[in-house]
Structures are given as structure tokens and as C-alpha cells.
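Below, each chain spelled out in residue letters.
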Amino acid sequence: MLFPTVTFAVFFLIVLPVSWSLMRHQSAWRLFILTASFVFYAWWDWRFVFLLAASIVVNQTLAVAIYRSEAVAARKALLAAAVAFDLGVLAYFKYTNFFLSSLDNALGTSWIANVTLPVGVSFFTFMAISYVVDTYRGELVPTTLMRFAVFQAFFPHLVAGPIVRARELLPQLDEPRDPRRVDTGRAFFLIVTGLFLKVVIANHLATHIVDDVFAAPNRHSSLEVLVAVYGYAVQIFADFCGYTNIAIGIALLLGFEFPQNFASPYSAVSLQDFWRRWHMTLSRFLRDYLYIPLGGNRKGRILTYRNLLLTMLLGGLWHGAAWTFVVWGGIHGLGLAVERATGWKPHTRVQAWLGRLLTFHVVCFAWIFFRADSFSRAGDVIVRLFDAWGQGSPLVTTSVVLAIAVGVVSQYVRPGAVTPVVSSFQRLPVVAQSACVAVGLTLINTLGPTGVAPFIYFRF
Amino acid sequence: MLPAYKGIAVLALALFLAALLQAEGLRKQAEIQPSGFQRDVALRVTKPLVSFSRALHLTTPRHELQVAIGRRDEDRIDTQVHLNLNLPPPATTPPIVQKPKLQPKPVFTAAHPLRVWVAGDSLAQVPGDALERLGGAIDVVGVESRLSTGLARTDLYNWFTRIQQASRQLHPDVVVFSFGADDAHDYMGGAHVGPFGSPSWIAEYRRRIDGVTRELNAEAIRVVWLGLPIPDGPGFRKSFPVVNTILERVARAHAKDATYVDTWHHLDDFHGRYAQYLRVHGKLTQIRAADGVHYTQAGGDLVAAQVVTQLRTWYRLRS
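Read top to bottom, the protein sequences are chains A and B. The numbering of the first sequence is my numbering, which starts it at 1 and goes up by one. The numbering of the second sequence is my numbering, which starts it at 461 and goes up by one.
All clues stand as given, with none of them false.
Away from chain B, derived, C-beta distances all over 12 Å, residues of chain A:
hint, residue
1, Phe32
2, Leu90
3, Cys364
Straight-line alpha carbon distances no greater than 20 Å define the calculated DMTMM-like cross-link-like pairs of lysine to aspartate or glutamate that follow:
hint, chain 1, residue 1, chain 2, residue 2
4, B, Lys743, A, Asp373
5, A, Lys76, A, Asp134
6, A, Lys299, A, Asp288
7, B, Lys507, B, Glu534
8, B, Lys466, A, Asp183
9, B, Lys507, B, Asp615
10, B, Lys698, B, Asp646
11, B, Lys488, B, Asp533
12, B, Lys698, B, Asp751
13, A, Lys76, A, Glu139
14, B, Lys466, A, Asp178
15, B, Lys466, A, Glu257
Which chain A residues stay away from chain B? Per the calculated CB distances, all over 10 Å, these:
hint, residue
16, Ala71
17, Leu140
18, Arg301
To be clear, the hints were calculated from the coordinates, so they are not data collected in a lab. Even for Gly, the Cβ is constructed at its ideal location relative to N, Cα and C.
Isolated chain A, as found in the complex (with noise of 0.2 Å):
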């Protein structure tokens, strides 16, 4: 079920209010919510709804049986029978074909698999892993099965992400909701602008621009290429971001508080600031689970640049099954280690905008491997940079002009802005609210191209 289609609005109109009636009988509301979570889940394929079942299963089982063990050894070896769960599951659906055709090149072997990738797997995965390490680590104690089992299925979260920790979500699903204190006007704004990102933004770049362009990259100017390219990057921001938006919305709807996943990532001044604005659920999970285990930046320099680029290629393969996301990765994790080699860090205004131009084209540059499907395309891509200006540009339009510059200056509109809005927004009365609302979505539906394209990160 995409959040937004008709199918979605009916199944939330059902189920906000169901949640609220049952809020006080918190037994009753996490069965109802776990049941509305699997619904919503197998609307895309009834059968992995098994498999969702099975990692929440056995992952409590597992964090269970390490909170119970005092022997170090087996809560270790529990720790790890966890992990390798996780990752095999993961491995399987996402890198069996890869392995295997990587395999043909290598050796000439005849190996074939067809395996389909399950939606959002890698994002329940993360939660679930982060659910057992943090158990291991001491820092939380196992809750009931019904809760895991609320907190891993959550549908708002379910299959993008926010990648939203044990320690987050589950003191909120342990006492009911306040239903006298709900953020209505935060949650609107969120939905709304949400939706126009995805629908009219991201959508407009991909079907006018983008997707054309990395099509066939060498039927097109070099302007064309460069507008496609700076395209991409304000469409997978707008796509993804959107999609976060939504999610925090329709969970403060139901009365819970996701973490924030964006923070005016195109107004990044390095690298590292630029992955503290993007996608930062992920990043801090890449950080806390892989680069400090790793040993972060305590054993030396020479590993704490090791460590960079591992966990930025790990982070890029995590992203799919392909080598172009490794070099992405790659691109990213020898950016880190450059800016940590050199200590730089912008101590002047000007500095300040020269390090968000160049940290801005560095994440285009890399953007190019991530949308390419191939190493010659993305060359394709590269090459066609240089060598074709001065031909006719006509996908070069204003209202794909227009929507990146709206992708871009957003990033610069201050934190608190909107603030005033969903006040002014809130102390409305409820009818001129709902006709807010409803123009809002009118005008995003007029606007957007027709048709729902998958968000983007659906398929990480």
C-alpha cells in the first residue's frame, strides 16, 4: 500500500479511529495495530507477511534468551546466531543474484537464482538488529513478544524507514497516548508538504527530466545531462524525504514521535555535516553498529580512515546489490577520510558556502553511480558532462528548472520557519482546517504528473 493512493487514505480513515477508541486497552489496540501493520504489509505480497513474522519471532526469542543468559560466551554466541539471522535474511534476498552473476563473471559458473526482494526488509532488519545488540549491550531490557512484535511491524515505519530504535518507540508503546494532546497541525504540515515533495516535486524531475536523461544520457545536451544530474539529486531528496515526512505524520496522528531522518541535507558544509542532515536514522545506525564496533576513531588515524570507508562501502552496498553503489559509497567514505585527514572545517561565511557548493557537487558526482544501473552509463553520464553543449536543451523547461529550485531552496528555509504556520494553522477552527487540508491535496493532485510512482527507497 502506497501512503499516496486512495487504498491508503480509506485504510488510514479506518484504522486512526480505531487506534484512538482502543487506546485505553492498550492489549486490544496492539493486537488491532498489529493486525492493521501485517494488512498494510501484505498488501504487496500476502506471503512475506511469513517472513516479517518469522524475524520478529525469532529475534525476541533470541534478545529474550541473551537478557536471561549471565554466561559471556553464550551471550555471545546468541548475539551472534542473532546477527547472522539478520544478515543471512538480507543476504539472501538482496544479494543472492548479485553474488551469483558476480560468481559467472569470476569463474564462468552457471548458477541462476530468482529471487524477489521483499519490501522494506532491510528496514525491519536494522531494527531488529539494533533490538538484539542494544539487549547485548545492556542497554535495554527485552520487552513482550506483542510489543516487539508492534514496534519491528509498525506500518508507518514498516517499509522506509525511519529506521526508529527500540529505545524510541517502545517506552511509547508501553503507556497509551495522551488522545487530550495530539500534534494535529505538525502532523498536517508533515503529511502535506510530504506529499507535494513526492508527488509534484520528485515526480515531475523523474518523468520530465532524469529519467529520460539516464535513459540514453548520449541522446542529450550536456545541459540537459548537468539539469538531470542536479535533477536527480533534489528528486531522491524530495522522494525520500517526502516519504519520512508522511511517516512522521501518520504516526503523530496515532500519537507517537518518530525520530527526524532529514535536515536541509543540501545545506551541508562537509561531508560529515552532509550525513548528519541525510538519511541520519541510517547514519547513526551505520554509526553505533558498525563504525564504532569497527573502532571508530580510537585506534589511530590510518584506522579511523579504514573505518570510514568501510562503513561507507558497507552503507553503499546496503543501498543494493551492485557495484555502482559501492563506488557511491565509495566516494562518500574517501570524502570522510579526506575532510578527516585535513582537519578542515569552515571558520568563515565564505568558507562556510565554498564548503556547501563543493560538498554539494561531490554528493551529485556520487548521485550519478547511485541512479546509473551501470558503470558505462554513469561514464555515459560523465563524459556527455563535457562534450555536448551548445545543442538544443529541450527537456530543459521552466517547470523542471522551477522544481529544483524549490528542491534546493528549501534547504534553506531556517528550522523554526514554519513554526509560525502550523501555530496560526492549529488555532484554526476545524472546518477551515480541513479546508486547508483539502486544498493542499487538491493542489498536489492537480500538479503532480498522474499515476503513483514507488517511492524510490522502497526497494533498499
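With chain A's structure known, arrange chain B on it following the hints.
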């Protein structure tokens, strides 16, 4: 902060108002769904919604906005099958009595390229992109793929109107069509027919394929019909061959200016079964997407190569 019940009220009322403001768009969304329970319910719900919204002139703001951004007809449902059937029918008997003159094939080069328009459902996109990448003597003037559309459901998207527009606007020498994957409906917009695969369905579908071919040929545009590739699983196993047979027969009837590319047998394995991987230039290559229907980029390249082979029977293509 508001009480939860007020939040629910805002949401419910907002969705209702939005539904009224976009009633015609919702009506179209309902119409274009695949036949079945969901479509029936959606049609029943949207019918009074449209009447009510029109009575209150609530459809006007959306319509005005659509006019302003140049998408005036977006909510219109056009089921007309625009075919000029006054064209002469194709010759059914070989007319050649005298010895045919050997005429040189028209030559196309990078400087004077062959204009090719690729159109169809979602299966058209990847081969279209592959043709576009070839460049040289082939100039792909457009790749137009519209998800879940075809020549059966004109209510979903009217390709007949679009084909007429495109032939005037783009002036292609050749069009490459990929249709049929989404045409296995018992309901055919613009005509009353029996269930999919019935004689009346086949006759109407053939009339449409034939009409499009004749119209384009009459404008000196040659047509390449891409057959449907062998699918994985039983889902499309019955419907694809029905469509392929029609495409092949129509192409054969217009053999001078139309051709059929058999992707089914080109992409199956040695035993005639579905293959997700084939060995291409000695390397095991994934040619079909995980859904068992669509092409991967490599699969698209194979189909494009087949198209080029067909084009070379008509033209001399110099890169």
C-alpha cells in the same frame, strides 16, 4: 495540540472535501481500474460524488488549474477508437505479376537518420531506451510508455488518439509498438465484445491492430509490432500467445510495411521455457526483471537488436 477526535474530524472532512474538489479525477481513476470488485465499488462511490460536486461547481477550481497548466483534458475519458477505415484493405492475393524491379533500399546515416517512435505499455520502455542508445543512423524521436495501458482499454488511455497526434507531430519513418501485455480484459473500452480470447474479442482486437497498421502505412510510416515475451509463471501464459498470434497475422497481412518481432522465442531457453538469464556474448546475463515479465537493460538490448535486424530488411543503416 488538539484532542484526537478533532484530528480525526479534520482528516475525515479534509478527505471528503478533497474528494469533492477532485471528483472528476477520482471518477477517472475508478474507471481505469482493472475490472473487479474494487472498480465496481469505486464507480458506485464516485458517481454521486461527481454529480454532487458538479452541482456545487466544486469541480471548477481543479479544471481551471488544469487549463492553466496545459492539462485541460486530463480528467476526460476518451473511449473513441479513432481509425480511418476508408483506407483500402490490404491485398489478400499476391498482386505481383511482372518481374519486380530491384530498388535500392533507402539509406539513412547519422547525418540523415531514420526517425523511429517507440510507444506502448511498460514493456516498450526498455527496448525503446536500448534503441535510443544505439544512435547513429537511428534517431529515436520519442519513447512513450504508459503503464498498464493498451489498445483494448481506451478508457484507461486512448492510444488511438495519441498515435494520430504523434504521427503528425513527430513525423516518424517507423513506429515500434509494444502492446498487449495489459490488454487481457473482458471489457474493451469503446466496443462491446465477449470475454478475452473469444472470437468477438479477437475480431475487435485484430480490427484495431489492423486499423492502426493501415493508417500508419497510408502515411508512409512503417510499423514494427513487438511480440510479447515468454512470461514466468502461469499468469500471462494464456493471454500473451493470443495477442502474439493477432500481431503476427496482422503484420503478415501488411508484410511490405509492417513486421512482427518474435520476442517469445528469442528470449526463451533451449527447451522453450522461460529464462531469466541467458548467455549473451559468452556471459551469463540477466535478461528479464524479477517480475518475470519486463526486460532488463540487457534484455532490452537483445530486443532492440532484433528490431534493427528487421529495419535492415527495409533500409540501409550506416552508422
